[in-house]
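**Student:** Sequential numbering of the sequence shown, starting at 1, is according to UniProt numbering.
Careful: at least some of the hints might be erroneous.
[Unchecked claim] Label-pair distances were calculated between CB atoms; the ranges are:
{"#": "1", "residue 1": "Pro43", "residue 2": "Gly21", "range": "24 to 34 Å"}
{"#": "2", "residue 1": "Ala25", "residue 2": "Ile46", "range": "19 to 29 Å"}
{"#": "3", "residue 1": "Pro59", "residue 2": "Leu34", "range": "18 to 28 Å"}
Simulated from the structure, these hints should not be mistaken for lab results.
In this text the structure is predicted, and so the values were computed from the model without any measurement.
Beta carbons: idealized from backbone N, C-alpha and C, even for Gly.
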Amino acid sequence: MNDLDLDRVYTQLCKTLSAAGEAQAMNILARYALLSMLEIGDPERIGTLIERAARGDAPAAGAAA
1 MNDLDLDRVY
11 TQLCKTLSAA
21 GEAQAMNILA
31 RYALLSMLEI
41 GDPERIGTLI
51 ERAARGDAPA
61 AGAAA
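Can you build the whole structure from these sequences, using the hints too?
**Tutor:** Dropping the structure here:
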């Protein structure tokens, strides 16, 4: 995924969350997280990504997480 792709899908996520409203945003994010975990399918990698998110790490430009 390049920077343009990342920007496009991040913008889509932000618009979707805004359109759903604050009351539904957390539910959408939770469902998205579960779907992403199923797609990734690697518990170790998922655990690492959760830790990185908790630390506030920024994704590397043009690199997979």
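**Student:** Next step is simple, just say for each hint if it's right about the structure.
**Tutor:** Evaluation of the provided hints:
1. Pro43 - Gly21: 24 to 34 Å: holds (33 Å)
2. Ala25 - Ile46: 19 to 29 Å: Given range 19 to 29 Å: holds, Cβ gap about 21 Å.
3. Pro59 - Leu34: 18 to 28 Å: holds (20 Å)
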